[in-house]
Structure formats: C-alpha cells, structure tokens
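**Student:** When you get a sec, could you build the whole thing from the sequences and use the hints?
First to last, the sequence lines map onto chains A and B.
Going by our numbering, the first sequence opens with residue 183, and the numbers climb by one from there.
Going by our numbering, the second sequence opens with residue 183, and the numbers climb by one from there.
Treat the hints as calculated values from the structure; they're not laboratory data.
All values derive from a computational prediction rather than experimental measurement.
Hints are supplied without guarantee of correctness; some may be wrong.
Just so you know, same-sequence chains aren't split out, so a pair can sit in one copy or run between any two.
As the list claims (entries may be wrong) - Capping the alpha-carbon separation at 27 angstroms, the derived lysine-lysine pairs in BS3-like fashion look like this:
{"#": "1", "residue 1": "K388", "residue 2": "K320"}
{"#": "2", "residue 1": "K388", "residue 2": "K210"}
{"#": "3", "residue 1": "K187", "residue 2": "K360"}
{"#": "4", "residue 1": "K187", "residue 2": "K229"}
{"#": "5", "residue 1": "K187", "residue 2": "K252"}
{"#": "6", "residue 1": "K240", "residue 2": "K264"}
{"#": "7", "residue 1": "K289", "residue 2": "K264"}
{"#": "8", "residue 1": "K388", "residue 2": "K316"}
{"#": "9", "residue 1": "K300", "residue 2": "K388"}
{"#": "10", "residue 1": "K320", "residue 2": "K240"}
{"#": "11", "residue 1": "K388", "residue 2": "K229"}
{"#": "12", "residue 1": "K388", "residue 2": "K285"}
{"#": "13", "residue 1": "K320", "residue 2": "K300"}
There are 2 protein chains.
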Amino acid sequence: MITNKNCIIRLSRYKNALYRLQALGFVKVFSDNLADSVGGTASQVRKDFSIFGISGNKKGGYQIDSLLEKLNSILGKDQLQKVLVVGAGHIGSALMRYRGFEKEGIKIVAGFDIDPAKINRSNPVPILPLDEAKAFIKSNQIRIAILAVPDIAAQSALDLICAAGIKGVLNFAPLRLKAPDGSIVNNVNLEIELENLIYFVNVAEKTK
Amino acid sequence: MITNKNCIIRLSRYKNALYRLQALGFVKVFSDNLADSVGGTASQVRKDFSIFGISGNKKGGYQIDSLLEKLNSILGKDQLQKVLVVGAGHIGSALMRYRGFEKEGIKIVAGFDIDPAKINRSNPVPILPLDEAKAFIKSNQIRIAILAVPDIAAQSALDLICAAGIKGVLNFAPLRLKAPDGSIVNNVNLEIELENLIYFVNVAEKTK
Numbered sequence: 183m184i185t186n187k188n189c190i191i192r193l194s195r196y197k198n199a200l201y202r203l204q205a206l207g208f209v210k211v212f213s214d215n216l217a218d219s220v221g222g223t224a225s226q227v228r229k230d231f232s233i234f235g236i237s238g239n240k241k242g243g244y245q246i247d248s249l250l251e252k253l254n255s256i257l258g259k260d261q262l263q264k265v266l267v268v269g270a271g272h273i274g275s276a277l278m279r280y281r282g283f284e285k286e287g288i289k290i291v292a293g294f295d296i297d298p299a300k301i302n303r304s305n306p307v308p309i310l311p312l313d314e315a316k317a318f319i320k321s322n323q324i325r326i327a328i329l330a331v332p333d334i335a336a337q338s339a340l341d342l343i344c345a346a347g348i349k350g351v352l353n354f355a356p357l358r359l360k361a362p363d364g365s366i367v368n369n370v371n372l373e374i375e376l377e378n379l380i381y382f383v384n385v386a387e388k389t390k
Numbered sequence: 183m184i185t186n187k188n189c190i191i192r193l194s195r196y197k198n199a200l201y202r203l204q205a206l207g208f209v210k211v212f213s214d215n216l217a218d219s220v221g222g223t224a225s226q227v228r229k230d231f232s233i234f235g236i237s238g239n240k241k242g243g244y245q246i247d248s249l250l251e252k253l254n255s256i257l258g259k260d261q262l263q264k265v266l267v268v269g270a271g272h273i274g275s276a277l278m279r280y281r282g283f284e285k286e287g288i289k290i291v292a293g294f295d296i297d298p299a300k301i302n303r304s305n306p307v308p309i310l311p312l313d314e315a316k317a318f319i320k321s322n323q324i325r326i327a328i329l330a331v332p333d334i335a336a337q338s339a340l341d342l343i344c345a346a347g348i349k350g351v352l353n354f355a356p357l358r359l360k361a362p363d364g365s366i367v368n369n370v371n372l373e374i375e376l377e378n379l380i381y382f383v384n385v386a387e388k389t390k
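**Tutor:** And the structure:
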C-alpha cells in the first residue's frame, strides 16, 4: 500500500469535516461535499478513499457514521494514544496544557526536562527528570513524543527517547534532526512557517 | 515567476543550513553540501536557486555570505517583521514568550484577546483587547498575524484582522479557515500532525 504524508493529512481533514457535518445533522455525504469542506476535488476524495478500499454508493454517497468508523480505524483513533513531551519550556508547557488533543484521543501523559526547577510530579501532566524518560517509556509503552527543547539539545534528546522505544517524534526544535533507524521525525518549524507567509505576502504586494 | 510553498520552505532551510556552515568556518559551499544538510538533491538546490537567478561557480560553488544576502532578501529578512498574536491562551502566550523568533528577525509586537482577565498592557509583549486590534494594525502597519484562538472564534477573528489590513495569517485553530480575498492563511494543525505520525508509526509496526 503506497501512502504519503499528504494523503494521510487529507484523511484527517475529511474525518474532521465529517464530524462537523454530523454535528449539523448530516447522515450521508457526497465526495463533492467533502471536497468542498477541505478545499479539494471530488476525484481526489474518491482516489484517497479507494487507496484504503473505501467505496461510496453513486446515488447515496457515503454513510457518515460508517465512513468515520473506517477513517478512525485507519488513523489509529480507535485507541487512546499516549504521548509524552520532552522539554517543559514555553512551547512544551503550552502543549502539556493544550486541551485540543483530548478530543482527538491523544493524551499527553508526562513531560520531561533536565532543569530540576521544572520538575513537578504533582502537575496534572507530571513533569519528570529526563533521566527517568527511558524507564517511563518502556514501562508505559509510549511510542510517540513531542520534542520541544532548544536546538542544541534536540539531537541528543531525540537519540535518548528513540533508544528507549519512541517510534514517532513531532519536533518543534528549529532544525532538522537525523531520525534514528526505525523512527520517524516530523518537523513543525514555526520560524519557517512565518518566513514562508512573509515571502508570499511580499510577493502579493509587489505584484499589485 | 512561479514558486510554490515547498520551494520557499527549502530556501528557508538552505538559509538556516548556511548559517550553521558559516558558524563552522565555511566560506564557500557546493550544492551537494546544501543538499546533504537539508536532505535533498544537488540538482534540486540548483533548480531552486535558478528560479531566483542565483547561480554558482562550477569550480568554486557559492560564496556563503553573498548567497545568504540574496536568500535573506528573497525571504524578506532584510527588514524586521512585526507580527501580532490573536488569542492569549496557552499556545498564544507561549508564542508571545518564544525567543526563537527574534533571531529570525521576527518580532511579536502585541497580543490580543477578548477575555478582560488576560489584558496586560505592561507585559513585555502587551496583551490588548481584541477591539483595539483594528486601530493597532492600521497605525503600526502590521501585515502578519498568528491566530491562536478556539476554533469557534477563529473565522470571525480572521475576518476582523484581515479587514484591518492583515495579509498573512498562521492559523493554529484546528480547522481550515476561509481566507478573505487578498490574504493568505497557512495552517499549523497540531492534532493532524500527531495523527499523521501515529498513522505512520502504526504502519511501520504492522509491516515488521
């Protein structure tokens, strides 16, 4: 099965759109509706679904509840995903307190930091010393982590948690890291996102 | 000139890699070096540069300082970029305190919120009532904003700031917004990024 990151991102967007449509009372949906709600084309929707063996009914479209069930299963949302955060600075702390993850079945179970002043075992999300990360990851079978440490600490923190069993990392440190064998690193680079926006705003102003 | 988002993201990455190489004492660089440091190919590097009329010397490669000057000019980094943050919740507040932007020539100049309890005019980054945003944007000629408000408030906040002159928005609200005419919205969807990671980690585990 060949899938790429963009295809899976679109599945997430279809899923989110379906929940919104369901909240509006929709029971069925057509590929055109889904395309409209995520800004794509109906043929792209059908192609994405066909990769996963999901087919609609030409006349009736898709049943939202059964489509959601399939998408949630594909996206691993049929079980709670436990995630840890490495780095309890501004961004890391905000992510630990962020309530948007819970409704997506994602639970931040612990934070880790090297700064003793940041350790707080009685926090709703406990913040533990980084040297306890290995044992925690193993005993709780965590596979996903968010890395929010300064750039100079990022590669060593990544190596440490991957050696302990982490398989997927969302990296907020503003540099590209070398993923250890068998693990995946996705990057969220806020500086680059802003730079990108600035570029296109400048281009639009120059061509006016 | 045809450019897409990915091309500009690569320019940002080349620029960041060049600073790191420069810090290591490099004066010249070859397209192979740049390709290695961002995980691409040398021909992609040359193609990206040629779009902007940047050419190297076959034997000597590129002079890092002049290459940086050109990239910084293209990316609008030759002037300080003033950015505001709408929404002073966990994520918004973390972004206001985040120090990584300053070294990129990006300055968060103000935050806005509708909650009177969050207003703080003496903060290093002042947090002002949202109904002052329009006047602030106009008098300070701000064009870029970060939107970090709950999803139900996102579209109306977006419409408000764009009507006041904002041209580019980095949206953290977990839904896709309709960009008003003449403005650009880039989305950073943390839930979708995590879902994506979970999917590929699951696929890797199943195919072992």
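**Student:** Is it within, between, both, or neither for K187 and K360, if the alpha carbons may be no more than 27 angstroms apart?
**Tutor:** both (18 angstroms within a copy, 23 angstroms between copies)
**Student:** Please sort K240 with K264 into within, between, both or neither, judging by C-alpha distance up to 27 angstroms.
**Tutor:** Cα proximity of K240 and K264: none, with 39 angstroms in one copy and 51 angstroms across.
**Student:** Checking K388 and K316: alpha-carbon separation at most 27 angstroms within a copy, between copies, both or neither?
**Tutor:** The answer is between: 23 angstroms across copies meets 27 angstroms, while 52 angstroms in one copy does not.
**Student:** Give the relationship of K388 and K229 under a CA distance limit of 27 angstroms: within one copy only, between copies only, both, or neither.
**Tutor:** between (38 angstroms within a copy, 23 angstroms between copies)
**Student:** Checking an output row: K388 and K320, CA cutoff 27 angstroms. Within, between, both or neither?
**Tutor:** between (54 angstroms within a copy, 19 angstroms between copies)
**Student:** Please work out whether the CA atoms of K300 and K388 approach to 27 angstroms or closer within one copy, between two copies, in both situations, or in neither?
**Tutor:** neither (47 angstroms within a copy, 37 angstroms between copies)
**Student:** At most 27 angstroms between CA atoms: does that hold for K187 and K252 within a copy, between copies, both, or neither?
**Tutor:** Close inside one copy (18 angstroms), not across copies (31 angstroms); limit 27 angstroms.
**Student:** Up to 27 angstroms between alpha-carbons, please classify K320 paired with K240: within, between, both or neither.
**Tutor:** For K320 and K240, neither the intra-copy (48 angstroms) nor the inter-copy (51 angstroms) Cα distance is at most 27 angstroms.
**Student:** Can you give me the call for K289 and K264, within, between, both or neither, at a CA distance of at most 27 angstroms?
**Tutor:** within (5 angstroms within a copy, 35 angstroms between copies)
**Student:** Using 27 angstroms as the alpha-carbon threshold, which applies to K388 and K210: within, between, both, or neither?
**Tutor:** neither (45 angstroms within a copy, 32 angstroms between copies)
**Student:** When no copy is specified for K187 and K229, does a C-alpha distance of 27 angstroms or less occur within a copy, between copies, both, or neither?
**Tutor:** Classified as both; 15 angstroms inside a copy, 24 angstroms across copies.
**Student:** I want to check one pair: K320 and K300. Are their C-alpha atoms no more than 27 angstroms apart within a copy, between two copies, both, or neither?
**Tutor:** Answer is within: at 23 angstroms inside a copy they meet the 27 angstroms cutoff, but 40 angstroms across does not.
Against the hints set out earlier in the document, violations occur for numbers 2, 6, 9 and 10.
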